[in-house]
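What follows is each chain in one-letter form.
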Amino acid sequence: LTQSNKTSELVVKSRTGNLSSIRDFISSKASDAGLAKDSIENIMLAVDEACTNIIQHGYKGMNPGSIILSFRIESTRILVQITDFGQIFEPVETPKPDIEAALEDREFGGLGLFLIYQTMDNIDYHSSEDGNTLTFTKFFNSDD
Amino acid sequence: MAEFGTSIENKGDVSVIKLEGYLDAHTAPALENNFTELINDNRFKIVVDFRDLAYISSAGLGVFMAYIEKIRNNSGDIKLAGMNEKVFNIFDLLGFPLLYEIFDTVEEALQKYNESKGLDTK
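Chains as they are written, first to last, in this note's numbering: chain A, 1 to 144; chain B, 1 to 122.
Just so you know, these hints were derived from the structure itself, not from any lab. Bear in mind that the values here come from a model prediction, so they are computed numbers and not experimental data. All C-beta atoms, glycine included, are put in the ideal place defined by N, C-alpha and C. There could be a bad hint or two in this list.
What the hints assert, rightly or not - Lysine-lysine pairs mimicking DSS-like chemistry, simulated, CA-CA at most 30 Å apart:
no.: 1; chain 1: B; residue 1: K86; chain 2: A; residue 2: K6
no.: 2; chain 1: B; residue 1: K18; chain 2: A; residue 2: K37
no.: 3; chain 1: B; residue 1: K117; chain 2: A; residue 2: K37
no.: 4; chain 1: B; residue 1: K117; chain 2: B; residue 2: K70
no.: 5; chain 1: A; residue 1: K13; chain 2: A; residue 2: K60
no.: 6; chain 1: A; residue 1: K60; chain 2: B; residue 2: K70
Stated by the list, open to error - Using C-beta positions, here's what the derived DEER-type ranges look like:
no.: 7; chain 1: B; residue 1: A54; chain 2: A; residue 2: S128; range: 34 to 40 Å
no.: 8; chain 1: A; residue 1: G61; chain 2: B; residue 2: G62; range: 17 to 23 Å
no.: 9; chain 1: A; residue 1: I68; chain 2: B; residue 2: G62; range: 25 to 31 Å
no.: 10; chain 1: A; residue 1: N141; chain 2: B; residue 2: E9; range: 21 to 27 Å
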């Protein structure tokens, strides 16, 4: 690892057309950090899912607002913070979907969240007057 | 930037939807249109070719959920084929192999339809 405690930021409008820019940003920064390909793909997916939720639910009924991505490399881990100014969305209160449920019993809103839980090592959510911030942690030495 | 594309090829009574690129919440509507068109044309036997799909998020997986009941109610199916390992892993995490037939190749998926047809006529 050549860099430590380095933070990069990307600010985009909450439009689905920006998801590819969001993934490119994460992929580029995670590659710079020396993460393995599987870990890079997992962070990209988790951030995509979180931003999709913000765009489709957080800012629902509002004009497209800002999504601020911050990517921070520390000695043992990567921290990705996603800040928005839409409606509060508390991920820890959303139940995980029963992936073995019969077809007709499934609800699909929770799939993205389920993927986030499967791929990230830690998830933290904080909401205040200054916005909603979701923080993902991925350790360098974790298997996935 | 052409980040996602689809094309449809009919092979007898089976339609093959070929996917290319990145399937996410932004590009999923293009695939929804494909399914809507096929259903409107009464073409319910569908194979989805994933060989050139680089990426999928849950919004992409949701498309397959949205149409499967209608298609199966019309004696059809959506069979999936040719996924790379990463894409398969996401389907697998979400339990899709219990709900969909997933094949290594498009040819195997087509073969499965042909075998079923043979059984129907007996």
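Here is how each hint holds up against the structure:
no., hint, result
1, B:K86 - A:K6, "holds (29 Å)"
2, B:K18 - A:K37, "holds (26 Å)"
3, B:K117 - A:K37, "violated (42 Å)"
4, B:K117 - B:K70, "holds (20 Å)"
5, A:K13 - A:K60, "holds (13 Å)"
6, A:K60 - B:K70, "holds (28 Å)"
7, B:A54 - A:S128: 34 to 40 Å, "holds (37 Å)"
8, A:G61 - B:G62: 17 to 23 Å, "holds (21 Å)"
9, A:I68 - B:G62: 25 to 31 Å, "holds (26 Å)"
10, A:N141 - B:E9: 21 to 27 Å, "violated (46 Å)"
Comparing the model with each numbered hint stated earlier shows that hints 3, 10 do not hold.
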